[in-house]
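Colleague: Sequence:
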Amino acid sequence: MGVVVTDAEVTLADVLSLRLAIDGPLEDGTELVLRHRTTGVERDVRIGTSGVRAREATLAVSLAPLRLTAGRWDAYLRSGDTRSRLRSVDPGFSLDHLDAYALCKRTLAYRSYRTRNGFLALKISDAEPVAEVRAIWFREGRFEVTGLLAYTGLEDDDSRHEAVLTLDRRPTSSRVSATATVQGVRFHAAVSLVDVLAADPEESGMWEPALEVEGVPAPLPLGARLDDVDGKRRRLHYPSARVDGVLIRPSYTADDELRIEVGG
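In the working numbering, the protein residues as written are 3 to 266.
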């Protein structure tokens with residue numbers, strides 16, 4: 003039985019929607035098996051039909067009832083004693099879809115994707131509210147950032163929300179803040195780099211940016227998770243700036259949270 007996924011998407015209702023190209027009928031009792039890559043835990047869903055012949059088939063699987071946990075889950079087809087990984091030709095990435103998906107308030111975020119070897123898999127992550135970074139730059143002595151608010155439940159409309167960008171240096175409790183602009187779920191913020199240097203005489207250190215937004219109960223860390231780039235600390239590099247001879251540059255942590263490195 004040859005089966006290839008030609009289209010894969012997790013809908014806004016957390017349903018895994020698949021279009022399959024098949025060279026024969028799915029046997030009655032065929033199961034879709036999802037296996038956690040780290041723990042080996044498996045969840046299965048019966049999908050087989052009673053021998054109906056077709057060149058294509060569609061499949062919709064509600065993910066929430068499967069009690070999947072955070073991590074990566076590989077997809078298999080199992081029929082009797084035969085089991086094989088499910089091949090895919092769909093890269094499974096749409097920035098517009100990820101933006102729309104992140105508008106809802108969620109506890110888990112589900113994403114389908116194609117592995118490097120061409121198989122279907124799911125990436126599941128905790129969906130805590132975050133200020134998703136889309137652009138960063140230094141100009142006129144300021145650090146500026148734009149992006150969107152993810153998993154907050156705010157509407158993507160023209161309404162404005164009072165907001166403040168804060169930069170904290172944890173070891174010294176130093177803080178710099180500046181008024182930010184939030185319209186719907188889109189934000190823009192800028193802070194003076196001179197103010198950052200003046201807030202801590204030692205100069206060298208790591209600053210943690212966050213966005214405090216009216217209507218959102220907790221400060222939102224700035225990060226970048228709504229994309230397909232893993233390991234941003236190694237792979238993603240922004241231009242740096244020098245202010246009064248001090249080097250300042252943005253970087254990411256292992257958890258894809260933004261940091262501002264001063265000096266060093």
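Please note that the accuracy of each hint is not assured.
[What the hints assert, rightly or not] No more than 25 Å apart at the CA atoms, straight line, and that leaves these computed lysine to any residue pairs for SDA-like: (1) Lys125 with Val166; (2) Lys125 with Gly42; (3) Lys107 with Val6; (4) Lys107 with Leu14; (5) Lys125 with Ala226; (6) Lys125 with Thr168; (7) Lys125 with Arg237; (8) Lys107 with Ala212; (9) Lys125 with Ala256; (10) Lys125 with Thr109; (11) Lys125 with Glu216; (12) Lys125 with Val35; (13) Lys107 with Arg48; (14) Lys107 with Arg237; (15) Lys125 with Asp98; (16) Lys107 with Gly42; (17) Lys107 with Val231; (18) Lys107 with Gly120; (19) Lys107 with Val91; (20) Lys125 with Arg136; (21) Lys125 with Pro223; (22) Lys125 with Gly217; (23) Lys107 with Arg80; (24) Lys107 with Glu204; (25) Lys107 with Gly155; (26) Lys125 with Val6; (27) Lys125 with Val47; (28) Lys125 with Asp257; (29) Lys107 with Glu216; (30) Lys107 with Thr168; (31) Lys125 with Asp101; (32) Lys125 with Leu110; (33) Lys107 with Val166; (34) Lys107 with Ala226.
Because the hints were derived from the structure by calculation, they are not lab data.
Colleague: Tell me if the straight-line CA distance from Lys125 to Val35 falls inside 25 Å.
Modeller: 15 Å, holds
Colleague: For the pair we were handed, Lys107 and Val166, check the Cα-Cα distance against 25 Å.
Modeller: The given pair, whose Cα atoms are some 21 Å apart, holds under the 25 Å limit.
Colleague: Please verify whether Lys107 and Ala226 have alpha carbons no more than 25 Å apart.
Modeller: 17 Å, holds
Colleague: With a cut-off of 25 Å on the C-alpha distance, tell me whether Lys125 and Pro223 pass.
Modeller: Holds, at about 21 Å.
Colleague: Decide if the proposed pair is consistent with the structure: Lys125 and Asp257, CA atoms, cutoff 25 Å inclusive.
Modeller: Answer holds: Lys125 to Asp257 is near 15 Å, not above 25 Å.
Colleague: When you check the alpha-carbon spacing of Lys125 and Glu216, does it fall within 25 Å?
Modeller: Given that 25 Å is the threshold and the Cα spacing comes to 31 Å, the pair is violated.
Colleague: Please work out if Lys107 and Ala212 have their alpha carbons no farther apart than 25 Å.
Modeller: 19 Å, holds
Colleague: Between the alpha carbons of Lys125 and Leu110, is the straight-line distance 25 Å or under?
Modeller: 10 Å, holds
Colleague: With the threshold set at 25 Å, check whether the alpha-carbon distance from Lys107 to Thr168 stays at or below it.
Modeller: 23 Å, holds
Colleague: For a C-alpha distance cap of 25 Å, please report whether Lys107 and Arg237 respect it.
Modeller: 29 Å, violated
Colleague: For the pair we were handed, Lys125 and Gly217, check the Cα-Cα distance against 25 Å.
Modeller: 29 Å, violated
Colleague: Holds or violated: Lys107 with Gly120, Cα cutoff 25 Å?
Modeller: 31 Å, violated
In summary, the numbered hints that this structure violates are 1, 3, 6, 11, 13, 14, 16, 18, 19, 22, 23, 24.
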